[in-house]
Amino acid sequence: MTWNHRERTCHSIKADLSAWIFNRLGQLDGSRTKSECEEHVPLRERRHALPARFSMKLVLLVLSCALALSSVQGHFWSPWYDRDNPSGLGDYENLHAQKKRGYVCGGCKPIAAQCRVKGTTNVFTRWSGTAPNKLAIHCSPTKGLACVNSQQSGGSCKDYEIRYLCPTTSGSWTSFLDRDDPSGTGDWESTRAFRRYTKNNLCGGRRTMCSQCRAKGSHYPYYKTGDRYNAYHDCNWENGLVCTTSVNKKICKDYEVRFKCPTIGNSNCSRCAKWTSWRDRDNPSGSGDFEYVGKRGHNPCSGREPIDIQCRVKATKQWWYTAGQKIRAKCTPSGGLVCLNRDQPNRQLCKDYEVRFLCP
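Under my numbering, think of the first position of the sequence shown as 111, with each following residue one higher.
There could be a bad hint or two in this list.
[What the hints assert, rightly or not] Straight-line C-alpha distance at most 25 Å; calculated DSS-like pairs for lysine-lysine:
1. K210 with K253
2. K360 with K268
3. K363 with K334
4. K436 with K424
5. K440 with K461
6. K360 with K384
7. K244 with K309
8. K384 with K424
9. K405 with K363
10. K384 with K427
11. K210 with K268
12. K461 with K424
13. K309 with K210
14. K253 with K228
15. K253 with K440
16. K360 with K209
17. K228 with K209
18. K334 with K253
19. K384 with K363
20. K360 with K334
21. K436 with K209
22. K244 with K360
23. K309 with K334
24. K209 with K427
25. K384 with K210
26. K210 with K436
27. K268 with K244
[Said to hold, decoys possible] Cβ-Cβ distance ranges computed for the label pairs, FRET-style:
28. K309 with W429: 21 to 29 Å
29. R452 with S412: 44 to 52 Å
30. N195 with N378: 18 to 26 Å
31. N451 with N376: 19 to 27 Å
The set of hints was computed from the structure by calculation and includes no laboratory data.
Since this is a predicted model, take the numbers as computed values, not measurements.
Note that CB positions come from ideal geometry on N, CA and C, so glycine has one too.
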């Protein structure tokens with residue numbers, strides 16, 4: 111490998127720096143293989159290839175690119191990911207599949223996403239822009255992107271790539287926790303299990319912001335063990351890790367997990383997470399109460415993904431899950447809350463709910 115600074119661009123250097131930063135954030139065992147280094151091409155691995163003397167212009171270019179990484183209120187963009195192409199059933203740039211290759215955002219919840227057709231510069235997001243195809247998953251920070259060939263009028267999707275905005279929100283990590291072993295049905299290291307079966311009420315009962323998972327003893331990160339994980343528990347930032355023998359088709363490794371809890375502050379703390387005011391955009395006089403998140407609903411964090419949400423009955427201030435109603439969208443940061451009148455027994459109406467969001 112040789113270094114030719116005339117052929118290097120700010121964009122490509124930025125991508126290398128970003129890849130190196132986030133793979134280091136997610137690395138638990140303190141080592142990296144030669145093939146991984148070649149894949150991500152971090153600058154530190156190229157130092158042997160630099161000439162003895164190189165121009166100040168190159169130094170300034172690298173420094174300016176490093177500063178450009180933190181261009182969104184202190185948060186950082188990941189590299190552009192393109193793990194699939196539409197030659198099969200479609201183009202599946204979903205986050206779940208990407209996480210099988212390694213940490214995304216160092217194990218933290220992505221707070222925004224940008225998507226584009228590979229080879230172009232026109233980006234679109236969950237909130238703005240238009241995709242050239244009908245998408246099954248529309249550039250979601252927590253799900254990624256999916257385009258199905260059979261759903262297109264022309265029969266084929268474009269080849270997409272996606273990148274994620276990774277939070278630098280202040281917070282504190284727990285120690286590595288291990289509440290279970292795989293001797294029974296599997297290894298259950300989920301946030302729900304910790305709160306239910308131990309006295310560890312993670313993050314004071316609020317949603318966790320990040321998680322990192324490794325095999326106990328060897329400290330191999332979850333994506334290197336060869337195990338398969340249960341849906342939404344693949345070292346998920348909010349749910350943790352669950353590996354069952356029924357899904358894995360063999361005995362799971364024994365895992366340990368740590369979680370990051372966001373620091374909640376006010377306007378005086380620039381890197382703290384902050385609660386919005388209570389919001390009520392709808393009432394149940396029509397078909398129900400629609401306090402959902404989306405282009406026509408709440409956009410509480412100015413286009414960024416909320417870390418957490420709270421929902422309550424506006425009149426009584428009781429939490430939504432104690433109101434005794436059937437809720438269609440169950441108070442999630444990405445979806446909000448939706449209550450349909452037709453779902454309620456005896457022709458009852460939904461209560462009028464209000465919501466607030468924790469923004470990174």
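Verification of the supplied hints:
1. As the CA atoms of K210 and K253 are separated by approximately 14 Å, the hinted pair is consistent with the 25 Å bound.
2. The hinted pair formed by K360 and K268 fails the criterion: a straight-line CA distance of about 38 Å is larger than 25 Å.
3. Distance hint between K363 and K334 is fulfilled; the C-alpha atoms sit about 11 Å from each other, no more than 25 Å.
4. Between K436 and K424, the direct Cα distance comes to roughly 17 Å. Compliance with the 25 Å bound is thereby established for this hinted pair.
5. With a C-alpha separation of about 14 Å, the suggested pair K440 and K461 falls inside the 25 Å cut-off, and the hint holds.
6. Note on K360 and K384: the hinted pairing is violated, with a Cα-Cα distance of about 43 Å set against a maximum of 25 Å.
7. Between K244 and K309 the alpha-carbon distance is near 47 Å, which puts this suggested pair outside the 25 Å criterion.
8. For a cut-off of 25 Å, the pair hint linking K384 to K424 stands: about 21 Å separates their Cα positions.
9. For the given pair, K405 sits about 42 Å from K363 by alpha-carbon distance, which is inconsistent with the 25 Å threshold.
10. Distance hint between K384 and K427 is fulfilled; the C-alpha atoms sit about 20 Å from each other, no more than 25 Å.
11. With a CA separation close to 23 Å, the supplied pair K210 and K268 stays within the 25 Å bound.
12. Distance check on the hinted pair: K461 and K424 sit about 8 Å apart at the alpha-carbon level, within 25 Å; holds.
13. At roughly 31 Å between alpha-carbon atoms, K309 and K210 are farther apart than 25 Å, so this suggested pair is violated.
14. Proposed proximity of K253 and K228 is supported: the alpha carbons are some 19 Å apart, at most 25 Å.
15. Distance check on the hinted pair: K253 and K440 sit about 18 Å apart at the alpha-carbon level, within 25 Å; holds.
16. The hinted pair formed by K360 and K209 meets the criterion: a straight-line CA distance of about 21 Å does not exceed 25 Å.
17. For the suggested pair K228 and K209, the alpha carbons sit about 20 Å apart, so the restraint of at most 25 Å is met.
18. With a C-alpha separation of about 22 Å, the suggested pairing of K334 with K253 holds against the 25 Å cut-off.
19. With a C-alpha separation of about 37 Å, the suggested pair K384 and K363 falls outside the 25 Å cut-off, and the hint is violated.
20. This hinted pair checks out: K360 and K334 have alpha carbons roughly 16 Å apart, not beyond 25 Å.
21. The straight-line distance between the Cα atoms of K436 and K209 is roughly 33 Å, outside the 25 Å bound, and the hint therefore fails.
22. At roughly 38 Å between alpha-carbon atoms, K244 and K360 are farther apart than 25 Å, so this suggested pair is violated.
23. A distance of roughly 30 Å separates the Cα atoms of K309 and K334; the hinted pair therefore is violated under the 25 Å criterion.
24. Using a Cα cut-off of 25 Å, the hinted pair K209 and K427 is violated, with the two alpha carbons roughly 39 Å apart.
25. Distance check on the hinted pair: K384 and K210 sit about 31 Å apart at the alpha-carbon level, beyond 25 Å; violated.
26. Pair hint K210 plus K436 does not hold up; C-alpha atoms about 35 Å apart against a cutoff of 25 Å.
27. The straight-line distance between the Cα atoms of K268 and K244 is roughly 10 Å, inside the 25 Å bound, and the hint therefore holds.
28. In this structure the hint that K309 and W429 lie 21 to 29 Å apart at CB holds, the actual value being about 22 Å.
29. Taking the beta carbon of each, R452 and S412 are about 34 Å apart, not inside 44 to 52 Å as hinted.
30. Take N195 and N378: their Cβ atoms lie about 48 Å apart, and the range 18 to 26 Å is violated.
31. Roughly 38 Å separates the CB atoms of N451 and N376, a value that falls outside the hinted 19 to 27 Å.
Hints 2, 6, 7, 9, 13, 19, 21, 22, 23, 24, 25, 26, 29, 30, 31 from the earlier list are contradicted by this structure; the remaining hints agree with it.
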